[in-house]
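**Q** Everything in the sequence shown is counted per numbering that gives the first Met the number 0, starting at 0 for the first residue and increasing by one.
Do not take every clue at face value.
Straight-line alpha carbon distances no greater than 25 Å define the calculated DMTMM-like cross-link-like pairs of lysine to aspartate or glutamate that follow [unchecked claim]:
| id | residue 1 | residue 2 |
| --- | --- | --- |
| 1 | Lys49 | Asp147 |
| 2 | Lys202 | Glu307 |
| 3 | Lys202 | Asp147 |
Ranges of calculated distance between the beta carbons of each label pair, as one might list FRET restraints [to be verified]:
| id | residue 1 | residue 2 | range |
| --- | --- | --- | --- |
| 4 | Gly184 | Gln408 | 50 to 56 Å |
| 5 | Ser335 | Arg375 | 17 to 23 Å |
| 6 | Arg367 | Gln77 | 48 to 54 Å |
No wet-lab data here; the hints were simulated from the structure.
Every value quoted in this text rests on a predicted model; they were computed, and no experiment measured them.
For each residue, glycine too, the CB sits at the ideal point set by N, CA and C.
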Amino acid sequence: MDARTSPAVLFNLVAVFSRAMDLVSPLVVDHHKRTAWFAVHLAEEMGMTKRMINEVLFSALLHDIGAFSLRERLDTLQFEFHNPHHHACLGYILLKDFELFSREAKIILAHHTWWRPEREEDIGGERVPVGSHVIHLADRIAILLGGDDHFSGREKEVLETVTVRRGTVFMPEAVDALLGLAQNGDFWLRAFQPDLEEQLRQKVDPRFLETGSMDLEPVAGLFARIIDYRSHFTATHSAGVAAVAEALARYLGFSEIDCKTMKVAGFLHDLGKIAIPTEILEKEGRLDRREYHRVQDHVVYTRELLEEVPELGHGIRWASQHHERLNGSGYPEHSSGREISFGSRVVAMADIFTAVTEDRPYRKGLDREQSLSLLRSLTEHGHLDREIFQAVENNFAELSQVWKSARAQSLEDFRSRLGCFGEMQERCLEAWTW
Numbered sequence: 000m001d002a003r004t005s006p007a008v009l010f011n012l013v014a015v016f017s018r019a020m021d022l023v024s025p026l027v028v029d030h031h032k033r034t035a036w037f038a039v040h041l042a043e044e045m046g047m048t049k050r051m052i053n054e055v056l057f058s059a060l061l062h063d064i065g066a067f068s069l070r071e072r073l074d075t076l077q078f079e080f081h082n083p084h085h086h087a088c089l090g091y092i093l094l095k096d097f098e099l100f101s102r103e104a105k106i107i108l109a110h111h112t113w114w115r116p117e118r119e120e121d122i123g124g125e126r127v128p129v130g131s132h133v134i135h136l137a138d139r140i141a142i143l144l145g146g147d148d149h150f151s152g153r154e155k156e157v158l159e160t161v162t163v164r165r166g167t168v169f170m171p172e173a174v175d176a177l178l179g180l181a182q183n184g185d186f187w188l189r190a191f192q193p194d195l196e197e198q199l200r201q202k203v204d205p206r207f208l209e210t211g212s213m214d215l216e217p218v219a220g221l222f223a224r225i226i227d228y229r230s231h232f233t234a235t236h237s238a239g240v241a242a243v244a245e246a247l248a249r250y251l252g253f254s255e256i257d258c259k260t261m262k263v264a265g266f267l268h269d270l271g272k273i274a275i276p277t278e279i280l281e282k283e284g285r286l287d288r289r290e291y292h293r294v295q296d297h298v299v300y301t302r303e304l305l306e307e308v309p310e311l312g313h314g315i316r317w318a319s320q321h322h323e324r325l326n327g328s329g330y331p332e333h334s335s336g337r338e339i340s341f342g343s344r345v346v347a348m349a350d351i352f353t354a355v356t357e358d359r360p361y362r363k364g365l366d367r368e369q370s371l372s373l374l375r376s377l378t379e380h381g382h383l384d385r386e387i388f389q390a391v392e393n394n395f396a397e398l399s400q401v402w403k404s405a406r407a408q409s410l411e412d413f414r415s416r417l418g419c420f421g422e423m424q425e426r427c428l429e430a431w432t433w
């Protein structure tokens, strides 16, 4: 994998992350893509610039990124629901400092704002982005149509529901654009076609994403942050795995580019957990059998999602095999021996190293002797690679420092964002509630 990537690869990564969010329940499958479809066409019909259309597209693909729990995702399926700004504010806080998505963050922040021409200001004193109003309408269109393609007849209901709220809930120009588009039956049908993602890809204008190649690592780090911040139990996990895996790769003689790939694989190894409700991730006590298998499914999701970004190269395999074990006792494929790539073994070791040394709800992190004793036992019983364990044992102090540094940075970032969330939400409610 080349550590540099292009706008096309960026779209693939965002689309994959968007799809992962919609795996949390069959009721929300493809919701982000359908919202993006309607939003892009509304933006085009309204004569928005290509840059703004790009921003609307990416904002729509990520608009519910702050809805962490299953309950909150299902709440968003209601046409009107309590405190819609909760997940919008959290989405903004997660994205606002990432330069590539800073404009999209502001659009997401206001995407449940009702149209009020006499008070069209956001919490910073600037006008609510037009893109926010476009996504608000597109999101509600997708909700009203439902999640399947058997919606014949609902188009009329959508238009009636939206039209009566023109100029109060929805931006008049956006509603007028919908009425113009609604004359074409394909406008509705194509939002439910299997090639919807490819249709959206054709709308991307690379000129307004990056002037050249960009480093993939920060994008992977951003997504890792969103994966981990869904639960305070895992708030620093992926950052720790990425840092330890990269350090191990260097000890083991990996090339510079493979070390970077290793770090990206560490960041994305738990991507599939986006599809696991926080109600399960944060459950107190033992998981029942169904919940346990649901958590195990995250590895399958990780593999299937990352395979949609072939530019990641062997990083896909490294990330998605991290729960396989050399003796065949792992999952999901029960692979063994040479079926498990060496890079995958490195990520597996980094994952376990991080898990045993970090604090968990039911225990404190293990010290050097306890950690090495556990890792040695797992190695002797055929779970982990001996050569990689030797690298851990020989470099334990330095690995611990690498992990602690990554953890400290992640924890500071997590607490900072959590700290400003309450204040941000209050300001949103004050500015946008009438």
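**Q** All hints are to be evaluated individually against the structure, with a verdict given for each.
**A** Structure-based check of each hint:
1. At roughly 30 Å between alpha-carbon atoms, lysine 49 and aspartate 147 are farther apart than 25 Å, so this suggested pair is violated.
2. Between the alpha carbons of lysine 202 and glutamate 307 the distance comes to roughly 18 Å, so the proposed pair stays at or under 25 Å and holds.
3. The hinted pair formed by lysine 202 and aspartate 147 meets the criterion: a straight-line CA distance of about 23 Å does not exceed 25 Å.
4. The given range of 50 to 56 Å is respected by glycine 184 and glutamine 408, whose C-beta atoms sit roughly 52 Å from each other.
5. In this structure, serine 335 and arginine 375 meet the distance hint of 17 to 23 Å, their C-beta atoms being roughly 20 Å apart.
6. Our hint of 48 to 54 Å for arginine 367 and glutamine 77 holds, since their Cβ atoms are close to 52 Å apart.
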